[in-house]
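Starting from the known structure of chain A, fit chains B, C and D onto it as the hints suggest.
From first to last, the protein sequence lines are chains A, B, C and D.
According to my numbering, the first sequence is numbered sequentially starting from 2.
According to my numbering, the second sequence is numbered sequentially starting from 2.
According to my numbering, the third sequence is numbered sequentially starting from 2.
According to my numbering, the fourth sequence is numbered sequentially starting from 2.
FYI, nobody ran anything at the bench for these hints, they're computed from the structure.
One should not assume that every hint holds.
For identical chains, the list gives no copy identity; a pair is met inside one copy or between any two copies.
Said to hold, decoys possible - Quick list of in silico lysine-lysine cross-link-like pairs, DSS-like style, CA-CA up to 30 Å:
1) LYS152 <-> LYS246
2) LYS220 <-> LYS246
3) LYS5 <-> LYS123
4) LYS229 <-> LYS295
5) LYS224 <-> LYS295
6) LYS293 <-> LYS229
7) LYS293 <-> LYS224
8) LYS182 <-> LYS123
9) LYS5 <-> LYS52
10) LYS293 <-> LYS220
11) LYS123 <-> LYS98
12) LYS62 <-> LYS5
13) LYS220 <-> LYS152
14) LYS93 <-> LYS62
15) LYS220 <-> LYS295
16) LYS61 <-> LYS4
Note that the structure is predicted; figures quoted are calculated from it, not measured.
Protein chains: 4
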Amino acid sequence: MSKKVRIGMVGAGWMGRAHVSSYMSAYSIYGEKIGEPVFSILMDVNEESAKSSAEKFGFKKWTTDYNDVINSDDVDIVDIVTPNAFHYEIAKAALLKGKSVYSEKPLSLSGKQSQELAKIAKEKNVFNYVGFNMVMMPATAYMKHLVESGKLGQIMRFDGRYDQDMLLDPSIPLAWRHIKKQAGSGALGDLGSHLLSISQYIMGDIESVNAISKIYIPKRPIKAGSTKMGNVETEDYIAFTASYKNGATGQLSSSRVATGRKNYLGVEIQGTLGTATFNLERLNEVNVYFHKDKSIDRGFRNVLLGPDHGDYGMFQPASGIELSYNDQKVIEVAHVLDAFTNGTDYVCNFKFGAKIDTCVATILKSAETKQWEKVEEF
Amino acid sequence: MSKKVRIGMVGAGWMGRAHVSSYMSAYSIYGEKIGEPVFSILMDVNEESAKSSAEKFGFKKWTTDYNDVINSDDVDIVDIVTPNAFHYEIAKAALLKGKSVYSEKPLSLSGKQSQELAKIAKEKNVFNYVGFNMVMMPATAYMKHLVESGKLGQIMRFDGRYDQDMLLDPSIPLAWRHIKKQAGSGALGDLGSHLLSISQYIMGDIESVNAISKIYIPKRPIKAGSTKMGNVETEDYIAFTASYKNGATGQLSSSRVATGRKNYLGVEIQGTLGTATFNLERLNEVNVYFHKDKSIDRGFRNVLLGPDHGDYGMFQPASGIELSYNDQKVIEVAHVLDAFTNGTDYVCNFKFGAKIDTCVATILKSAETKQWEKVEEF
Amino acid sequence: MSKKVRIGMVGAGWMGRAHVSSYMSAYSIYGEKIGEPVFSILMDVNEESAKSSAEKFGFKKWTTDYNDVINSDDVDIVDIVTPNAFHYEIAKAALLKGKSVYSEKPLSLSGKQSQELAKIAKEKNVFNYVGFNMVMMPATAYMKHLVESGKLGQIMRFDGRYDQDMLLDPSIPLAWRHIKKQAGSGALGDLGSHLLSISQYIMGDIESVNAISKIYIPKRPIKAGSTKMGNVETEDYIAFTASYKNGATGQLSSSRVATGRKNYLGVEIQGTLGTATFNLERLNEVNVYFHKDKSIDRGFRNVLLGPDHGDYGMFQPASGIELSYNDQKVIEVAHVLDAFTNGTDYVCNFKFGAKIDTCVATILKSAETKQWEKVEEF
Amino acid sequence: MSKKVRIGMVGAGWMGRAHVSSYMSAYSIYGEKIGEPVFSILMDVNEESAKSSAEKFGFKKWTTDYNDVINSDDVDIVDIVTPNAFHYEIAKAALLKGKSVYSEKPLSLSGKQSQELAKIAKEKNVFNYVGFNMVMMPATAYMKHLVESGKLGQIMRFDGRYDQDMLLDPSIPLAWRHIKKQAGSGALGDLGSHLLSISQYIMGDIESVNAISKIYIPKRPIKAGSTKMGNVETEDYIAFTASYKNGATGQLSSSRVATGRKNYLGVEIQGTLGTATFNLERLNEVNVYFHKDKSIDRGFRNVLLGPDHGDYGMFQPASGIELSYNDQKVIEVAHVLDAFTNGTDYVCNFKFGAKIDTCVATILKSAETKQWEKVEEF
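Just chain A, same shape as in the assembly (with noise of 0.2 Å):
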C-alpha cells in the first residue's frame, strides 16, 4: 500500500492549480511507489479564493495564515505557490519548525536570503526542493549524460539564451513583473533563472560574470488602456559571459522582447569531442554531433528524446511522441515525492536554488559596475 505524502500548500493561484495537478498525474504515472498525495490544508491571503480553491483542488481545510499550514501535524511537506517575494519569509518559517519545504523558485529575491535558507534547511535536515523544473527534463537528463559520460570530451563552451516576445508590446500594462521590489530582476530571474538552472546541473559553478542589461520599454501603461504611464524597474534584457570553475567559458542572455521568440530557451555545449545543441521550443529533440564518427557519416544528430533520456520512458514507450512543456513540472512532482517518500536522491535542493539566486545577483551587480564580479562561494 501507497504511503500518504501530506500536502500543506501556501498559494492559490495558477501555479497551485499547476502543482495540484501535476501531484495527481505524477500518481497516476509513476504509481503508488512514490507515496500519494493527499491534499491537507490550503492557504490563501484572499478567504474566499482559499474556500474555493480548497474545494476545487481538492484540499480538506482552508486557512488564510501560512502558520496554520506551517504548524498542522496533517501536512508532510510545505508547498510554497505565492508570488515570489513571499518565497523566502515562508519558507524559512517552515524550515525554522522543521517541515520539509518545496518552494516554486526563486527561494527569495536575493542570493544572500536564498543561502541563508539552504543553510537553515541543511541544518534542520529536512527534504528541501526548489521548483526548477527544466532540470528534469528528459533533455536536461540527455546533456547531462553526454557531459557526465565523457562524451563530449572537456567542455569549453556553454552558450545559451532564454528568450521570449510577451512583453513586446508597449501597451501591456506594469504589472509584478516590472517592480524591483516584487520581481527582483525582470528577464534575467523570470526567464534567465531557467537557463542558470540547465547551467548549474550540467556545468556546475560559475566562477564570475560581466553583464550588460537593457530597458527598452522603459515606460508602460499604469494598467489596461490607460494613459497614464509608470516605471519599467526590471530588465528586459541581459547578457552576460561566464566564466566556469571547469575552465570553460559561456555567454548567456535573456530577452523578454525577443521578437518571434516565443519560449526559446537554447543551449549549446561544445567539447572538445563533441557538441550538443537544444532548444526548448522543441523539447523533446537534442541535436548532437561526434568527432569521433567517421567524418563520411558526420554531422548533427537530431536525437528524438525517448525511453533512453530521463523519465521520458514513465510517459510513453516509444521515442517520438512528444511530451509536453507541462510534463517538466509532473516529472518534478513525481521527483518531490519519491524523494520525499523513498529518500531518493535529488538534484534541485536549496542549495542548488541558493546557488542560482546567487549567481542572479551577481549577475544584477555586473550589470550595474561594468565590471567582471565574482561570484560568492558558499
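Leaving out everything else, chains B, C and D in the frame of chain A:
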C-alpha cells in the same frame, strides 16, 4: 453545477487507462461546462483485471459481461476500448439498446460493418463518436482553417505518410497486429488510418485509390525468443495514390518498418495560393507558404502553434509551450463530453469513421487487384 | 602537356553558354590531366546568333549547318545543346559518322529513339555521354555510397519528388514546354527525368510503373499579355508508383505548379539498416540515419558534404563551404573531358539516358491507360 | 566595347588563383559593362612560383619585386593577395604612388596602420577596396535591406558567431595562424573579422566591447608528425559583448575549435518589429519573422534567396538554385571592376576595413585588460 456524464467502459487495458486519465484531465482543464465524468462500471473479460482496474481507475462497479454495461441505467456513454476485433459487436449491441457510444477506432474490421454501425447510429439518433484523436490536434485545426478559409486556394495535392520503425527488428514476435483476423490490416489500419482521418477531415472524400503493399518481414518468432516462426499476414508497408472528389491528387503511404522514422505522420497540402506541411514528430508546428507574400520576403513560415489554433489555448496561454501527444486524447475526450452534455457539433461521428474504414477496405482491395478501385459511397 | 579536346557545339543558346563556361571552369579546377577543351566550331540555325556567340564563347569557326560540325576534322566531341526536339537527329547523324557525342538530356522525345541511339553508340564504340548533371552531385555520390556499401541495408523504398512553382502563374504564356511535339512531356520530362536519373543510378532499373497526371492550367495566353488563349498539352503534375527490380517500391512525382517549392528535388531512401534523405534546395547536405547507432544517441545525422563525398574536394578543402547548383555541371563536364581523354568510366552513357527516356515513355503511357505498365528491357 | 582594367597582382598563392578565377567569372557573368580584366603582371617573392603562376594564371609578365607592380604603367589596380603580414607595406607603397588598390583583408595587423592606409587612400583619392567577401553575399544584402527598410523596426540586438572546427585536432602543426607576429590574432582576425564586416555593414559602428579569449590547445607540433612542440600564441576562441552606437547590444564570438561547426557564421538580428537569422552553412537562406503578420499565420519565414536579393539574379533566374561560397568572391570582384570602371559606389573601402581592424584591436585589448574598451573613432 456540472452535469454528470456517466461512463460505462468496455475494456480495461492500456487504452482504458488512457481514456480515464483523459476524462479527468479534460474535466480539470475545460471545467464544469463540459460535464463531469463519472466512472460507473468497467467491463473486462478477465475477472481479476476487471476488479483491480475498476479500483485503480475509480469505477464503482465491474463486470465480465459487456451486456451489463450496455444495460446499466447508470451509464450514459458506452466507451469501447477493447481490442479492435470486438468494437463492432459491442458498439452494435449498445446502439441497438439506444445507448450513446464512444468507440476507439476502428469501428470494425470491414467497411461494410462500419457503414452498418453508422446507419444504426443515425437511426437511433444517439451520440456516436469514434476516437480518431489526431483530428482534434491544434495542427489539424490550423490546416483545416488554411484550406477552408481559402488561404491555400484550390487544393491540388494532398501527400502524406505515417511511418514508424517499431517493427523493424525481425526478432519482435508475432502479435495480434500481424494476424489478419485480429487486426484487419497492418500498417494501413494501425497507422495509415490516422492519416486518412486527417485527410477525410481536411480534404473530404476520396473517389478512388490505387495501392501496392509489401510484407518485408514475412515470418516472425511465435513468441519472444522462440525459434518457431509464424506467418505475418498483414502488410508492413502500403502505398497508394488517391484521387479526391474535389479534384486533387494524393500520394499516401504507411510503413511500420520505416527505419529512423519514429512517429512520422507527415503531410503536405499544395494549393494554388499556398502550401502547408506538418510532421507529427513536431506536433506543435505547421509550416505554411503563401504565394501572395511579397517575393522578397516569401518563404515557408514555421508557425509555432498557439492559442489561435484549435484548442491549444485551453492548455497554454501563449505559443511555443509544447502540448504533448497525449493532450490530443484529452482534447478528444473534452469534445466527447461537451458534445454529449451540450449538444455541440463533432467531427468524428460513426459516419466519419465508416468513411475511413471504407477507404481502408478499398485500399486493401486495390493492393490485391492491382487496379484503381472506387471508394463506395454511402 | 595537356591533350586537346576539340569541341564542336551544336546550339548557341543559354545551355551552350553554360557548357562553355563549365568547360573552362572544369579545366581550371581539375587541371591538365583531364584534357584541355578547345572550342573549334559552333553551329546555330540563326546566322547572326552563330556568329556573335562564336566570338563571345571563343569558338574559332561558326556555321548554320550541323553537318559542318559533324564532318569537321577539328572536332573530337559533338556537343549537342539544341532544343530537345533536335537532339535525336543530330546525335544519330554524329554517331553514324563515328563521332563522339555529348548530348544534353533527353536523348530524344521517345523511348524507342533513345534506345536506337544507345544501340548505335555501342556499335560505333564511341564516347557517348548524356548530360544528367545531378548524377554527378556530391550528394548523389554519397547516397550511392550509402546504398552500395550496404550501410543502409536492403533498400525497401525510394520516394522522391521534383517540385517547382515556376509555372504557377496562369498568365505565363504558352511556350515549347507546353507543346507535346516540342517537349515530349511536361513536368515529367523537364523535372522528373532528373529524379529518374538519380533513381537509375542509385536503385537500378524500374520494373513497372503506375501513374496519374494532371494539367491544372489547361489554357495559357499564346503570348505574354495576350487575351488569346492556347491549349497546354503537357502535364503540370505527374505522380507514379514504381516497382523496382531490386524489390523496392517508390512513390515519385513531379510538379511545375508546386506552390512554394522552388527547386525541391527531394529524395528519401529507406533500407533495413538506415535511411537517407536529400533536398536539392540544400544541395550541400544529406541526412542519414543508422539503425545500428546506440539508441540513446541515435537520430538523423545532418551531414554537411565535404571532401569525402564525390568530387567535392576538387572545389573546397573542407566541408561546410557550399558548392553551387552550377558546380554540378562543372563536375559533369570534367568527367566528360576525363572520360574522353583518359578512358575513365562514366555513368551517364546513352544506355543510361535511354533507360530514363524509356521510363518517361512508360510513365506517360500508364497515366493514359491508368494501369500498371512494364518498363521495356533492352 | 569593354574598357580594360589592368591588374597587377602581388602574391601568387591560393588566394591569387581565386582572384584570377573570380575576375574571369565576373567578366563572363556580369559582361562587358564592368570592364575587362587584363592580367598585366604578377609578383611573387619566389621566382619559380612567380614564373609558373604567371603562365598558369595568364599574366603577361612576372617579377619578384612588388615595386615593379606598383611602378608599372600597365597596371590600373594593384591586387594584394600576399600573406596578411605584408598587406600594409605593399598597400601603403601603392597608395603613395597613387595607384588604386584592391587588398585582401585585413589591411594590416593593427588598427592604427589600417587607419593610416584609409587616410592615405582618402588623400590620394584613388580606388581602394578591401576584400571582405561576405559583405557582398545575397544573404547580407537581404539582411541589410530588412534593417534599412525598417521592416525589423529599431534593432535591439545583433548576436553572431563564426565557428569552425578545422583546428580541433591537436596534432595539426603550428602554422602562421598560430604566431602573433604573422597573424595578428587567431580566431578573431581569421574568422571573427568576417562577422565584424557583416556587423559593420548592417549595424554601423560598435562603441565599446568587452572580451574574453582562450587558447585551448596551447602547444602544437612544430611540424606535422614532429614530437617537438611550439607555443600557440593566438586565441582559439574569443567572445565579446558589443555595445553599438545605435543603442543595440550584441554577443559575438568566434572559435576555430568549435566541434561540429564547419563554416558556421551565424547571425541573429532582433528588432522591435522583426527578427532575422542566417547561417553561412546554408548561405542561400535567410529566416525572417515579422511581428505584424497575423498571429494565426505568424512564424519565421525560411526565405530561399533569389533574384530579389543582392546580386543573386546575375547568377540564376529563380530562387532555390544555390549559389556557392566561391560566388561571393565573384560578386566582390565584379563590384571591384564595376566601381573602378564606372565609378559606382562600394561598401568595402579602406575606411570600412580600418574600422574592422580597429574593432579587432580593441577586442584583443579588452581580452587582456578584462574591461570594457572604447573603439577608437576616426
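Verification of the hints:
no. : hint              : result
1   : LYS152 <-> LYS246 : within (20 Å within a copy, 42 Å between copies)
2   : LYS220 <-> LYS246 : between (39 Å within a copy, 22 Å between copies)
3   : LYS5 <-> LYS123   : within (24 Å within a copy, 49 Å between copies)
4   : LYS229 <-> LYS295 : between (64 Å within a copy, 28 Å between copies)
5   : LYS224 <-> LYS295 : between (60 Å within a copy, 25 Å between copies)
6   : LYS293 <-> LYS229 : between (61 Å within a copy, 26 Å between copies)
7   : LYS293 <-> LYS224 : between (57 Å within a copy, 24 Å between copies)
8   : LYS182 <-> LYS123 : within (28 Å within a copy, 55 Å between copies)
9   : LYS5 <-> LYS52    : both (23 Å within a copy, 23 Å between copies)
10  : LYS293 <-> LYS220 : between (53 Å within a copy, 22 Å between copies)
11  : LYS123 <-> LYS98  : within (13 Å within a copy, 65 Å between copies)
12  : LYS62 <-> LYS5    : both (17 Å within a copy, 25 Å between copies)
13  : LYS220 <-> LYS152 : between (48 Å within a copy, 24 Å between copies)
14  : LYS93 <-> LYS62   : within (23 Å within a copy, 47 Å between copies)
15  : LYS220 <-> LYS295 : between (55 Å within a copy, 26 Å between copies)
16  : LYS61 <-> LYS4    : both (18 Å within a copy, 23 Å between copies)
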